[in-house]
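K.L.:
Model the full structure from these sequences, guided by the hints.
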Amino acid sequence: QLQASGGGLVQAGGSLRLSCAASGTIFSFNVMGWYRQAPGKQREVVARIGSGGGLEYAGIVKGRFTISRDGAKNTVYLQMNSLRPEDTAVYYCFAVRLGRPTLWGQGTLVTVSS
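Read in my numbering, the sequence shown has 23 at position 23, and its numbers run on one by one without any break.
It is possible that part of the hints are untrue.
Unchecked claim - Label-pair distances were calculated between CB atoms; the ranges are: (1) R43 with G13: 22 to 28 Å; (2) T102 with G71: 17 to 23 Å; (3) R100 with I60: 25 to 31 Å; (4) G24 with S114: 38 to 44 Å; (5) T102 with Q11: 30 to 36 Å; (6) G99 with R64: 30 to 36 Å.
These are calculated hints, taken from the structure and not from any lab test. Think of the CB as a built atom: it goes at the ideal place given N, C-alpha and C, for glycine as much as any other residue.
P.N.:
In structure tokens, the structure reads:
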């Protein structure tokens, strides 16, 4: 139901854009966003977008990452700029519809080399 893509290997300071394509309209979800999990660490929220367009970011990515959506393509994006080695992680998109289990994408690996 959620298809994540766009990960890869990039040098520090570089950029990547992740995509999360939903099988249905993204406006049926109350919240969509991205988590990440680095090796040996807990999963942490990176960015979220509400159905009304409200945005939230983890402090560590604020000013560097931008979450956005395209309703016509049923896709949520995560533009990541000024990447750092500590951004290396598997990134998972998710979607929440109240009263239903959270949907997860399959994860896409982002590796930032120093």
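K.L.:
Hint by hint, note whether the structure agrees.
P.N.:
Against the structure, the hints come out as follows:
1. Range check, R43 to G13: Cβ separation about 25 Å, and the 22 to 28 Å hint holds.
2. A beta carbon spacing of about 20 Å between T102 and G71 agrees with the range 17 to 23 Å that was offered as a hint.
3. Checking the proposed 25 to 31 Å range against R100 and I60 shows it holds: the Cβ atoms sit about 29 Å from each other.
4. For G24 and S114, the hinted distance range of 38 to 44 Å is satisfied, since their beta carbons lie about 40 Å from each other.
5. The supplied range of 30 to 36 Å is met by T102 and Q11, whose beta-carbon atoms lie about 33 Å from each other.
6. Checked against the given bound of 30 to 36 Å, the beta carbons of G99 and R64, roughly 34 Å apart, stay inside it.
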